[in-house]
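Peer 1: For reference, the chains in residue letters:
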Amino acid sequence: MEPPRQKWTARLILVACAAAGLAWIAGLNLQRKVSTDVLDLVPADERSPELSMLRSLAGEEEARVLLLAVSVPSQAGESPSKRAGRADKAADALAKALAADPAIAEATPLSDVGPRDKLAALVFARRLDFLLPGWLDDRKREYLESGVAAPWSPWLAEKTASDLEAYLAKPDAMAAQDILTQDPLLLVPGLVGHFETLADSGFAGGRSGDFALVWARSSHSPLTQEGQGPVFDAVDRALAQIRASEPGAALRWTGIARIAAASRARIERELATLNLLSLALVVIVAAACVRKVHRAVHLVPVVLGSLLGAWVAVTASWARVHVLVFVVGSLLAGVAVDYGFYLFLQPLRRPGEPYMERASRLIKPLLASALTTVIGFSFLLWSELPLIRQLGVFVSAGLICALGTALLWFAQIDDSHLETRSFVRRRLSSAGPGVRRTAQLVLALGALVAVLGPWRLHWKDDIRELEIPTPELNANDADVRSLFGESGSRTVYLTRGSTPGEARAALQEFLKWHRENFPQSKVASLGDALPTPEQWDRFPGELESLPAFDSDFRSALARHGFDAASFAPFFAAWDEERARTAQPAYGDLVSQLSSALKGPMSSLLHIGSSSWFVTLSEQGPGADPPASTHTVTDSQLQNLNSLFSRYRVSALKLSSVGLGFVGASVFVLYGLRRGVRIFAIPAGACLFAFGLFGLLGATLNLFNLLGAFLGVCLSHNYAIFSAESQGRGEDPPPSIRMSAVAAASSFGVLSLSRIPVVAALGTTVAVIVLSALAITELTPLASGSNSRHDPNP
Amino acid sequence: MRPFIVLALALAVVGAGPAGADPPVALTPDLAAGEWKPLIDALASKGAVEASFTESRYFPFRAEATVLTGTLRISPDRGLSLGYTKPEVSTLIADSSGLLSRDSEGRSREMPSGSRQGGAIASLLPIMSFDMKALFPQFDIRAQRTGMDWAFEFAPRDPQTASSLGTITVSGTGSQVRHLEFRRSQRQRIEIETQETRSGFSFTPGELASYFR
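Chains as they are written, first to last, in the working numbering: chain A, 120 to 912; chain B, 363 to 575.
There could be a bad hint or two in this list.
EDC-like mimics (lysine to aspartate or glutamate), calculated; alpha carbons at most 20 angstroms apart, straight line [claimed, not checked]:
#1 A:K201 <-> B:D520
#2 A:K289 <-> B:D520
#3 A:K215 <-> A:E197
#4 A:K289 <-> B:E467
#5 A:K201 <-> B:E553
In short, the hints are calculated from the structure, not lab data. These numbers come from a predicted model, not from an experiment.
Bound-form chain A, shown alone (with noise of 0.2 angstroms):
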């Protein structure tokens, strides 16, 4: 019997915290506190180009794009060209459809040549500032690498008339010819030349195959609630409204905020799924290995108050979580119900031993056993990446909140103590020379997988495998963009900088680069309508040093059978070009560009806190560009692999030092003698499931070594409790086995997660606790060592 004292203080200090803990959670706005945004995962302030772009991408107008298809049926009788024209008619009227709802900003057919025509008239209009500038430069390039003894302007003026003449022998002359009087340079059609790569990537035409294309923009970010359910409804009202008077239509569409949608109620049912399911293990492994079964409840309250305090302590420490934290979170049952076993399966050493008699034995371990895991997992609030940070609290205040429940939870209880059963405590004789041979054997194999295992570990991060793949989604989107003239044969590269002369600058490096490692290929990029602002900056002295080639360029004409007074406009232009007294500031001229990007031409040019160029090149997948050029491709923003591998590499050093003080701690409590022998336990565990990982060949990632460093620390409980059991003499506690089987099970549930990283890390930690536990028992068995008496009788 409990003095009725303790048992009151006890209660009373449990209720506040657990009515405190309730009160803040009910107060929560969840859906604005809990983040399913990949890019809350990685710092705000993040300076890496590639996160920087996709940041902006994913906030940005780039992001709210989506992509729809419509197809009508044929009918009988009916010639392909009639049925094309009923699916322009259809995506016209889905557009405007879209259009006049408040959820879609805009809404284009792109048989809609409006925009394009718009583009081409500013570019025409504006071309000797546009395109003059780059047109010189490249010029003047070649004519010093040509090393010709004649002056510049009439080799300038002979090139640039014979280039004509070759020109009226394309295919492109016809249709050209009205603009070439006041154009001989060929700047409109050059750039037109430069755009063909673009104009095979669904940027033309209106139609693919029985398709025809539209293109929207949401109203807000896909990632929110607004951008989704609205747009979702917003697409099922235009696609009934366009059925009254295309009964088959059909439509495939894509965005965004589908897979975003469909991501987030996945990772939430993946959320209660996985909670319940590791609680639900961790109370069976209780219930199989206690006597009394329905007394396994009482280490309930022990993980429900873990994962309150856990949850308390993270919504307090940030504006948003990620939800992988509650996910990953889930785990906590598997560890909190430690104490609870620790505690509660404590043999009494007299019947009726007070639980403060009990308790005051057992708190020199479970504090080195909690602390050191605290201490380990605060060294995580040092990363870099918010979820990591965020992770460390949640462990840490949870470890703390677990412990102290425990504690109180059993001070006010009347009988605090629960016998296992036999089996539970069953060991096998260490007497035999076979089972000695045996258990030194699978801990000498053990020790050459820990040894040779890890050499062959390869790495590799990718922020996909941190959301659940939805492959039908992804299927759709990639179908849907194929039909918009994305495909896998052709790079996209985002050239970034801080100002548009900046990005325009290193776009420049770029092509350089690209000329030099891909000669074959062609690019095209919007960027070859604007000069570099060096090109701008230098453009009047150009024009200035060409006094004469107006002259020069009349008799080259002549020379070259053409009628140089019908190009009196051109000559025109370019007199009041030199002519001009102040020239326009580069800011101006990319906001004349940007401003008549309409459509999905907006997406080629970014003006923004960053801003970028998109550049498509016809090759595949090829050498990533160097960072001097300050481009990355799409498939490096897809995976942010080089980004994750510093944060793995921060992680890793961050994890060591952890692990230090863990072991340190140890020494400090222990001694070196017998902390070598505990911290060897953890470490032997976690390198072994290295060792395995490596033979196997499997590929790891960031989360794998989140889950060895929380492996280690668990193990390292183990170790803890183990060695004061053997400094009395008695053989392991069967609570070791049972948090043993209980942590894996309970990480177990996580390696069946759907998202990758998630199952990485339960699979990583269920493999280090069971080899922990393996190295527990076999140790003495492999040694002979005999115990003196049973722990738990």
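Once you have looked at the hints, place chain B on chain A.
Peer 2: Just chain B, lined up with the frame of chain A:
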């Protein structure tokens, strides 16, 4: 010389026409189904055609024509293909999907039939096959015959196509097409003269793949 005298002289020259030529007539569906039917049927039933050609491009800002040579191919099913060999190798394909230009390295550039330029070019296809049923709604047609020689002049009814292509003249002898002309003005036109012509055969699958799409 005063402009009106030039105009009068020009009209006199044009009005005189070649000696013995019938005056051009506005071709109607009735005429096409009547006295012109044998010639139109002969031209329409030629099947595949392959002919070497010389193309002269006249630009308003250049005195001399730009001359290109190559091989013209017509497939009743696949459309028209102009395979240029000089001054550089390229292929221009006009078919029901629009216009496709293919350079010597195999790079293609497409103008869908839904686009303005592609649509105008696609309207040429019924001319190549003398599909009068498809031609009458699209063109005002004038026809002229002198012995074995004949000429058809197609003026697009759609102003946009008219400004893009101009007036199209197809002329020849017997059942052979000898001359094609796209005329926007006297100084802005394309003339295609065919030389060695082969007809009444089928393209092999390889030729279809190489010269058409």
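Peer 1: Taking the hints in turn, state whether each one holds.
Peer 2: Here's how the hints hold up against the structure:
Taken as a hint, the A:K201 and B:D520 pair is honoured in the structure, with Cα atoms around 19 angstroms apart against an allowance of 20 angstroms. Between A:K289 and B:D520 the CA atoms are separated by roughly 27 angstroms; this puts the pair beyond 20 angstroms, and the hint is violated. With a CA separation close to 26 angstroms, the supplied pair A:K215 and A:E197 exceeds the 20 angstroms bound. For the proposed pair A:K289 and B:E467, the alpha carbon gap of about 14 angstroms is at most 20 angstroms, so the pair holds.
Note on A:K201 and B:E553: the hinted pairing is violated, with a Cα-Cα distance of about 33 angstroms set against a maximum of 20 angstroms.
Violation of the numbered hints given earlier is confined to hints 2, 3, 5; the remaining hints are satisfied by the structure.
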